[in-house]
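J.: Protein chains in written order, with the working numbering: chain C, 8 to 250; chain B, 8 to 250.
Hint data in this document are derived by calculation from the structure and do not stem from the laboratory. A portion of the hints provided could be inaccurate.
As the list claims (entries may be wrong) - Just a sample of chain C residues kept apart from chain B, beta carbon distances all over 10 Å, derived:
| # | residue |
| --- | --- |
| 1 | P10 |
| 2 | D27 |
| 3 | P174 |
Claimed, not checked - Chain B regions said to be covered by chain C (calculated; three or more residues, Cβ under 8 Å):
| # | stretch |
| --- | --- |
| 4 | 27 to 39 |
| 5 | 68 to 78 |
| 6 | 145 to 159 |
| 7 | 164 to 174 |
| 8 | 188 to 196 |
| 9 | 210 to 220 |
Unchecked claim - Just the calculated beta-carbon pair ranges, DEER-fashion:
| # | chain 1 | residue 1 | chain 2 | residue 2 | range |
| --- | --- | --- | --- | --- | --- |
| 10 | C | D181 | B | G101 | 25 to 31 Å |
| 11 | B | D61 | C | A100 | 33 to 39 Å |
| 12 | C | Q75 | B | G237 | 40 to 46 Å |
| 13 | C | E157 | B | G101 | 51 to 57 Å |
| 14 | C | D181 | B | E62 | 28 to 34 Å |
| 15 | B | G216 | C | E62 | 25 to 31 Å |
| 16 | C | Y232 | B | R203 | 25 to 31 Å |
| 17 | C | D103 | B | R151 | 30 to 36 Å |
| 18 | C | N154 | B | S236 | 31 to 37 Å |
| 19 | B | A243 | C | D181 | 26 to 32 Å |
| 20 | C | Q75 | B | D194 | 41 to 47 Å |
| 21 | C | E62 | B | D60 | 55 to 61 Å |
All C-beta atoms in this analysis are idealised placements derived from N, C-alpha and C, irrespective of residue type, glycine included.
Number of protein chains: 2
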Amino acid sequence: MNPTIELIHEHRSIRKYTDDAVPHAHILEAMRAGQMAATSSAVQPYCVIRVTDDEKRQRIADLSGPQQKVRDCGAFFVICADLRKHMLIVDRAGEDYNASLEAFLVGTIDASLFAQNFTLAFESLGYGTCYIGGIRNDLPLLDRLLNLPEGVCPLYGLCVGVPDESPSSRPRLDAEAMLFENTYPTDDETLAAIDRYDEVYTKYLTDRGAQPSTWSAAIAKKFSYASRSGLGDYYASKGANLC
Amino acid sequence: MNPTIELIHEHRSIRKYTDDAVPHAHILEAMRAGQMAATSSAVQPYCVIRVTDDEKRQRIADLSGPQQKVRDCGAFFVICADLRKHMLIVDRAGEDYNASLEAFLVGTIDASLFAQNFTLAFESLGYGTCYIGGIRNDLPLLDRLLNLPEGVCPLYGLCVGVPDESPSSRPRLDAEAMLFENTYPTDDETLAAIDRYDEVYTKYLTDRGAQPSTWSAAIAKKFSYASRSGLGDYYASKGANLC
């Protein structure tokens, strides 16, 4: 393993942080590294909003779960698909902005390629990180707290800080169960791979002293009821086109 | 700079590759590194289809542009949001799968966090890479070529191989024009940052002997007409819910 692959394997989501701040110089270094990720036709359709206001941080921590780490970590960021800068350019050119699913999709993809570089850069500097999907619990409230204009579409949060815990790594599906050749496997093959993973997952939970269960039991529960309805209406209200 | 941040800064999209193959052991190493990226509630909503069939590779190269590098690179992958494994689990549990924008969004985000780790792992092993958004030119045809079942939603391709060129790096927007505090800047501030970037971008084109133009001219053109319409219908036909 080379140093980068080693660093990647050391990743754990960190949920407890010390009181140490994250110096602005480190944030800029991680930004510049993040921005080196590929971006479709150089459109750079994302932005990052660092939340430093204590009251806003607490409100976001509350709406995200509550998840107190959003308030307590060294630095908290909201990663957004940013269609606004393109809207402003098109408007200045006297044209009409043409909203498309393609634009929103590229915004989401390129923001996430950026975010993973951003995260790894922080981890390479010794910080821990945790993505916060919980901000999608109430995007309209988040939007009001940050006063986001049309075209700025928040996707998820990111906690960064000095780790104050050292959790074990949760096992992933086997690589062979995620990588296929020329087509997708049969349902029987997929379910057999899931059964093998369930055994690994149950052992992981048992070894940690947690209530033993299976991955597929968690998945069956999670995807059999509606999750965060209203997201589409919210993004549409920001000028995104998801159809 | 540490070795990971240095590697990140060495990234260039590579469009010309030697004939060298990419050994399967390297592909598995990059997969395992990719899978270490964070994934929301461990749902792992993505998969990778490596295309090794020569005729399919050529058809995908054609529909993507044409972009001959899709055929000529050492290894070509299609990165997909994978809702199917969750659908199968929910079905086996006797429940109804509840499609949601949240599920598709998490599929797109987590696939892309994976993809950036996957890409960096390849780059750390000495390979060059290029994301291929062009597969979205004709997803229904790609779908038939790879015989993808319901729930498997291709997002973009990825070329990997030994570089046979050494391009310069395209300048990015200034980090300060992408990172904001507590809110988004005013339109005047955004447009002023765009003007500054236009100067840097024009100089970059001029230095390379390319036709001088500005970033904002390219953006104004790109976003004032419809792009890849029909994407939403395609993803809906795969069982995704984008509303």
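J.: Against this structure, judge whether each hint is valid.
T.: Each hint tested on the structure:
no. : hint                           : result
1   : P10                            : violated (4 Å)
2   : D27                            : holds (19 Å)
3   : P174                           : holds (13 Å)
4   : 27 to 39                       : holds (count 5)
5   : 68 to 78                       : violated (count 0)
6   : 145 to 159                     : holds (count 5)
7   : 164 to 174                     : violated (count 0)
8   : 188 to 196                     : holds (count 5)
9   : 210 to 220                     : violated (count 0)
10  : D181/C with G101/B: 25 to 31 Å : holds (26 Å)
11  : D61/B with A100/C: 33 to 39 Å  : violated (44 Å)
12  : Q75/C with G237/B: 40 to 46 Å  : holds (44 Å)
13  : E157/C with G101/B: 51 to 57 Å : violated (44 Å)
14  : D181/C with E62/B: 28 to 34 Å  : holds (29 Å)
15  : G216/B with E62/C: 25 to 31 Å  : violated (53 Å)
16  : Y232/C with R203/B: 25 to 31 Å : violated (48 Å)
17  : D103/C with R151/B: 30 to 36 Å : holds (34 Å)
18  : N154/C with S236/B: 31 to 37 Å : holds (32 Å)
19  : A243/B with D181/C: 26 to 32 Å : holds (31 Å)
20  : Q75/C with D194/B: 41 to 47 Å  : violated (35 Å)
21  : E62/C with D60/B: 55 to 61 Å   : holds (57 Å)
When each numbered hint is compared with the structure, violations occur for hints 1, 5, 7, 9, 11, 13, 15, 16 and 20.
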